[in-house]
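A.B. asks: Listed below, chain by chain, are the residues.
Number of protein chains: 4
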Amino acid sequence: MIKVGIIGATGYAGAEIVRILQGHPDAEVVWYGSRSYIDEKYSKVYGNFFKLVDARCMDDNMDELAKEVDVIFTATPQGLCASLIKEEILEKVRVIDLSADFRLKDVSVYEEWYGIEHKAPQYIEEAVYGLCEINREDIKNARIVANPGCYTTCSILTAYPLIKEGLIDPDTLIVDALSGVSGAGRGAKVANLYCEVNESAKPYGVAVHRHTPEIEEQLSYAAGKEMMINFTPHLVPMNRGILATEYASLVKKDGELPTAADVRAAYEKYYKDEYFIRILEDGVYPETRWVEGSNFVDIGFKIDPRTSRIIMMGTIDNLVKGAAGQAVQNMNIMFGLPENQGLQMVPLFP
Amino acid sequence: MIKVGIIGATGYAGAEIVRILQGHPDAEVVWYGSRSYIDEKYSKVYGNFFKLVDARCMDDNMDELAKEVDVIFTATPQGLCASLIKEEILEKVRVIDLSADFRLKDVSVYEEWYGIEHKAPQYIEEAVYGLCEINREDIKNARIVANPGCYTTCSILTAYPLIKEGLIDPDTLIVDALSGVSGAGRGAKVANLYCEVNESAKPYGVAVHRHTPEIEEQLSYAAGKEMMINFTPHLVPMNRGILATEYASLVKKDGELPTAADVRAAYEKYYKDEYFIRILEDGVYPETRWVEGSNFVDIGFKIDPRTSRIIMMGTIDNLVKGAAGQAVQNMNIMFGLPENQGLQMVPLFP
Amino acid sequence: MIKVGIIGATGYAGAEIVRILQGHPDAEVVWYGSRSYIDEKYSKVYGNFFKLVDARCMDDNMDELAKEVDVIFTATPQGLCASLIKEEILEKVRVIDLSADFRLKDVSVYEEWYGIEHKAPQYIEEAVYGLCEINREDIKNARIVANPGCYTTCSILTAYPLIKEGLIDPDTLIVDALSGVSGAGRGAKVANLYCEVNESAKPYGVAVHRHTPEIEEQLSYAAGKEMMINFTPHLVPMNRGILATEYASLVKKDGELPTAADVRAAYEKYYKDEYFIRILEDGVYPETRWVEGSNFVDIGFKIDPRTSRIIMMGTIDNLVKGAAGQAVQNMNIMFGLPENQGLQMVPLFP
Amino acid sequence: MIKVGIIGATGYAGAEIVRILQGHPDAEVVWYGSRSYIDEKYSKVYGNFFKLVDARCMDDNMDELAKEVDVIFTATPQGLCASLIKEEILEKVRVIDLSADFRLKDVSVYEEWYGIEHKAPQYIEEAVYGLCEINREDIKNARIVANPGCYTTCSILTAYPLIKEGLIDPDTLIVDALSGVSGAGRGAKVANLYCEVNESAKPYGVAVHRHTPEIEEQLSYAAGKEMMINFTPHLVPMNRGILATEYASLVKKDGELPTAADVRAAYEKYYKDEYFIRILEDGVYPETRWVEGSNFVDIGFKIDPRTSRIIMMGTIDNLVKGAAGQAVQNMNIMFGLPENQGLQMVPLFP
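Protein chains in written order, with this note's numbering: chain C, 1 to 350; chain S, 1 to 350; chain E, 1 to 350; chain U, 1 to 350.
Think of the hints as simulated: they come from the structure by calculation, not from any bench. It is possible that some hints are incorrect.
[Said to hold, decoys possible] Here are a few chain E residues that face chain S, going by a calculated C-beta distance under 10 Å:
#1 Val71
#2 Val93
#3 Asp106
#4 Val109
#5 Lys202
#6 Thr232
#7 Asn239
#8 Ala261
#9 Ala265
#10 Tyr275
#11 Glu292
#12 Asp304
#13 Gln344
#14 Val346
#15 Phe349
Just so it is clear, CB atoms sit at the ideal spot from N, CA and C, and this is done for glycine as well.
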């Protein structure tokens, strides 16, 4: 039984790790870290766990924690994980960081987009970017896994095969994405009050959102060259879900545009054995409701011969594949378990 | 492995049975009955099952079905199950009916409130009312289980111990209840369109809702005398969830009103070993979000010494404990499985 | 042109006063008071007023304000109005207080339910309870109008005629009410975040909600004797709207229960000339969507001969008739304008 | 007083015309046409009009109607207006058609995208495309005004000045848009049920949506050459509102990209005197909540120097500026009234 500690267990992502691990046969949470709720019963903070979780919240004491658990999930604001990590901890325990601290390989890019100094740049190199379907092999032995962002996971996986196979021109990629409100976290802010969000849709972080360089870095690896994209996130009134609609110009081969079959073949090449990635049938486009509560990524596409562009669309549940679910998937890989262990939740509808 | 057939598999309750049984280790659906979608892939109707369910929808052929399965769930409109049921079927297979056909023991009450003739009154007597926590023993050997209604399950369980123990006056009971929209089913009606329901709350079926006699009959057994209640359902803009707020005058004993401890003791007497019933701590009231997606019933209460009344409050997920979950719980009881087998889903929040 | 000052202009009720007065031909807002946003452009706080309101937020300086305006609306937390009010102000300006400070005639009841000391009890006696349809005459010359609470307005108006006419037994009155989330105000609290409220319904303040004594006091006047009720508010996921479902035992006359015609006659006696009160046709029950954005009160009822009770149902928009709209209606009465001046907004649907 | 007849008065757009004209000082509805509800009281279909509209629904008899009114609004499915229109009618009455029948100048494009034969192609030429801010002069004397689509209005107005001024490359324009559910109309379809739409976001009509050629035609006029775009609509769970996020490559002048000031100057050149168009301040992006219930168009933009693209964002209320409001604005222009007469509704928030 893998012993799990969570730092930031009372945020939405932390609570989702708890929910998922309740159904995981090989792991159990033994440390519910939450600075804000120390000594309070966890089930007082999240009533869904009443009679299921009896524990109380603990401090975010990473040294102590390292002695007691096999893996630590840090579901905390940017900067915290980097400020706590050190050799003594990594010698004892493996870390899956849900923040952005170890996602970007170029520390100056991190510091520019996040506006904070990186406290542990010495670990950036060894940290593995935990996009399971792409980096599975490296994750196995990683001491630090940088769990990808929610927009990022969806955006990258949706475009990856087509970029890798050279079917689209990387310089034309535009990612327009929608997110449910849980992505904004549980902080008490006026902007996230029910009445402010309900019955409205809005763009935000236009051309400056922090997931941009993360998407760019990973897709650049696939493209084999540096690429820059436009990424526009929008907030829409729903609890969960990310939908990425991506546009790119198709690359002609021998004067011909790729066909739908070519595109499908590219997706199949990379994803046909992936349990969590579902390439939808022709003419079917993803909807967030069909993945809610699950670790699935649904992907559809449409070629527009009029403009020679392709529209790629992907959906995930931001708290599952976009956070806690992928974190558990990473844990499964790191500990040699079947990758979908404890992650076979059927999407909840309606 | 229990072989399961579902008649009405493409309604919301039917689809919820499918979802739950996907995670059940001892049962599998082998017949997805749906008149409206015969020969269509089930996962075309419900995209959440893409890559999880490969089957196509079948006709509602109960005779054929009876040969192939161990248990049939009928998740169909009132009257259908009664019109199909017969000895040849009951000799081969057990039936869990999610409609109201076998819930009321007095056929004239059924015909009055539902406005249709009962086609199989000869089976009313033997059918067992499948409120698991109350009728567990009778369910074990039942050939026909009448799975309770959603409002009913919540309303009865919330008041049952206090009526049984004589703590409240049955003639003063008023049940005011809220329901999410999935309770209205998947039929294409203007009244259930998004824009008609969203941003609004409304009462309906005031003093004439069909769950009224069902609540009354069951609580009358507990009261040891016939009782009549007021029951007012309301539609509120959410997918799932029922909240019943119930009012009754407390009965004095030796000139003293019952205390909170007395009330709690009554609840514990009947529910303390029940996995699915959670009696909340003092001062905590149920919220539908804490049971969403699960088979739990959360119950809280408050005594008002000013008016000598008690306010009892209960919540369930209408599609789980109010329909498919309780149906599976009944199946578990009927087949000698642990009662919570396949039903340990943690409530999904947010 | 009536000059209007608002203290608390950046709360939801304050902003609704601004919205309504934008369309009022005889009044204009000249002071947008808001401690939290001093010197900021009002339209930065509420983007709907961009290009419509050019003013900046001002301090809550009541002395200064009294010199510049004809009427002050205080849309502030409990206690603030009472702490600022004084003779020098009341000599210059009329005050419509949207808080609870002057609603209850018994200062000890106020202090008990609100848990704060009343700073200006000397004005309680002269303050007029601004439920326009009931106290119209007294409002005309009032210096201080205590604008009723949202639940209160709806609950009282729905039951008033039947109590006044002795058709129902006051001691049996139970008010079960639902509210949209804007009633909770714009404060940044976790409990009011989108994800906490969405897809859930919950009771709160059970048997202790502060609107209880307010309802009781006003209905006691109608009953001609002191009465106590049960009042249970619930939060449901929508922006606006209150729905009160009220239960009471009908009083027999000469051995006969009142008929629907009797009940209708009672409502007509008091409301038939009221522009804002709409008594619905038989069999029609109120829905919050039909009053959204307007100052209407919709009322319906149903007699249940089985239990000899009546179910009365009323709806309002909590921010309009439950706050800002009624406040403007009070202003109209105080300044001799047609009562529905500037208040003829048609409900917005969908 | 302008006498107004509405064909299709019980659809959402029709009902919104009724709502707006209730507050219009110079127009009154005298004919509530609705095939589905003939002889029923209009306020039975839309309870918000109870006590405000006493009329009953009438047949869609355009000949009869033409004798009784000054202007007819046709808020009906594609094809109906074209099938009814004829010289005898146009001699007597002016027509504002909210369907797509007269929006496209090339009848073959209409027939291709809409899949139906055009029954009155002889009127296409004279019909004026009623995008008020662009075609004001032509609208004045038009007999037939083709009221623009909802997505179209928002998409065109957001990009128009930049295309007209040559600041962006028309061939790179991508329009990614979100819509509330009222845009789908009031037809009883499973896809628009509350539970199907709530808690989900989805793209639809990808690369084939019918508003595409309409946007292209109008923007082509501005570009001075034919252009083709990608347009992807998405359904998000809210009643009202359209948000268009548009991407295009900026065109360098003398080797320099246009600045934000250049872009702002272009918008101001065309819109600075427009009552209904609000160009937001730098760094402010439109949100649908700020225009809900009003005829405003809010527009913001952001230049991304990294990719040399601009992101333009616009919002409208689909039922107001996207349908009924613009129709009334067209009526005002046609009848020589101030353009914002009866249209000064302040956006409703929250």
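A.B. asks: Which earlier hints turn out false for this structure, listed by number in ascending order?
C.D. replies: Of the numbered hints given earlier, those the structure breaks are 1, 2, 3, 4, 8, 9, 10, 13 and 14, listed in rising order.
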